[in-house]
Amino acid sequence: MATANKNLSEHDPKQIPNASSMRIGIVVSEWNEQITSNLLKGAKSILLKYGLKEENLHVKHVPGSFELPTGAQFMLEYLSVDAVICLGCVIQGETKHFDFVCQGVSQGIKDVSLKYNQAVIFGVLTDNTLQQSIDRSGGKHGNKGEEAAISAIKMVALQNKLQEESKQNIEKALAAVEKEFGDK
1 MATANKNLSE HDPKQIPNAS SMRIGIVVSE WNEQITSNLL KGAKSILLKY GLKEENLHVK
61 HVPGSFELPT GAQFMLEYLS VDAVICLGCV IQGETKHFDF VCQGVSQGIK DVSLKYNQAV
121 IFGVLTDNTL QQSIDRSGGK HGNKGEEAAI SAIKMVALQN KLQEESKQNI EKALAAVEKE
181 FGDK
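Heads up: the sequence shown runs through residues 1 to 184, numbered per this note's numbering.
Quick caveat, the hints were computed from the structure, so don't treat them as lab data.
There's no promise every hint is true.
Claimed, not checked - Here are the simulated DSS-like pairs of lysine-lysine, each with C-alpha atoms no more than 27 Å apart in a straight line:
no.	residue 1	residue 2
1	60	49
2	154	53
3	14	115
4	41	140
5	44	154
6	60	110
7	115	44
8	161	49
Stated by the list, open to error - Quick list of the computed label-pair ranges, beta carbon to beta carbon:
no.	residue 1	residue 2	range
9	176	30	54 to 64 Å
10	159	48	35 to 45 Å
11	70	169	35 to 45 Å
12	110	49	20 to 30 Å
13	97	59	18 to 28 Å
Model, not experiment: these values are computed from the prediction.
Glycine included, C-beta positions come from ideal geometry on N, C-alpha and C.
Produce the complete structure using the sequences and hints provided.
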């Protein structure tokens, strides 16, 4: 098993950009609250550790994981955020409900991200047992909320960098055109 005896939340602090100028939303499922509250604690601690200002952190709750994509969409539509972290927990039961929820949530989060051209981070545990969820929400395998927060910071930094590079390239091209044709 890939996660055996590993803390998946270990990271190199030197690889995490400063988040002080970022605005981040977190949408959290109320279902499996004992797990999702730990995911939220982990995400918040990482965001604040890397400089996010408390006033630039927006947390909203939705009934279940299936509602996470809609909650993320609401945040992107009504709040000024650079990224949204979706935190939830779906645990395998005796029916196919698990499969449909997991598929809908993962596709929905991806669709919202692409629709709004902003990072919408999948911080949803999809485990076979409650113990696996405990292990991944602050237990022996780390905290998926922390991992999601790191992903959000890195994706916002990447988008900001690419936007700045694009702006600089346009300015260079305009300067070259001005130089070539400006006096004619």
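Could you check the hint for me, namely that residue 110 and residue 49 are 20 to 30 Å apart, CB to CB? holds, 27 Å
Are the Cα positions of residue 161 and residue 49 separated by 27 Å at most? Roughly 21 Å separates the two Cα atoms, so the pair holds.
Could you tell me whether the CB distance from residue 159 to residue 48 stays inside 35 to 45 Å? violated, 21 Å
Does the Cβ distance between residue 176 and residue 30 fall inside 54 to 64 Å? holds, 55 Å
Pairwise beta carbon distance, residue 70 to residue 169, judged against the given window 35 to 45 Å: holds, 36 Å
Would you say the C-beta atoms of residue 97 and residue 59 sit inside 18 to 28 Å of each other? holds, 27 Å
Under the criterion that the straight-line Cα-Cα distance not exceed 27 Å, is the pair residue 14, residue 115 satisfied? violated, 31 Å
Are the Cα atoms of residue 44 and residue 154 separated by 27 Å or less? Cα-Cα ~15 Å, so holds.
Can the restraint linking residue 60 and residue 110 be considered satisfied, given a maximum Cα separation of 27 Å? Holds, at about 19 Å.
Going straight from one Cα to the other, do residue 60 and residue 49 come out at no more than 27 Å? It holds: about 21 Å lies between the C-alpha atoms, which stays within 27 Å.
Residue 41 and residue 140 were given as a pair; does the straight-line alpha-carbon distance stay at or below 27 Å? Roughly 16 Å between the alpha carbons, so the hint for residue 41 and residue 140 holds.
Measure nothing beyond the straight line between the CA atoms of residue 154 and residue 53; if it is 27 Å or shorter, mark the hint as holding. holds, 16 Å
Of the numbered hints listed earlier, those contradicted by the structure are 3 and 10.
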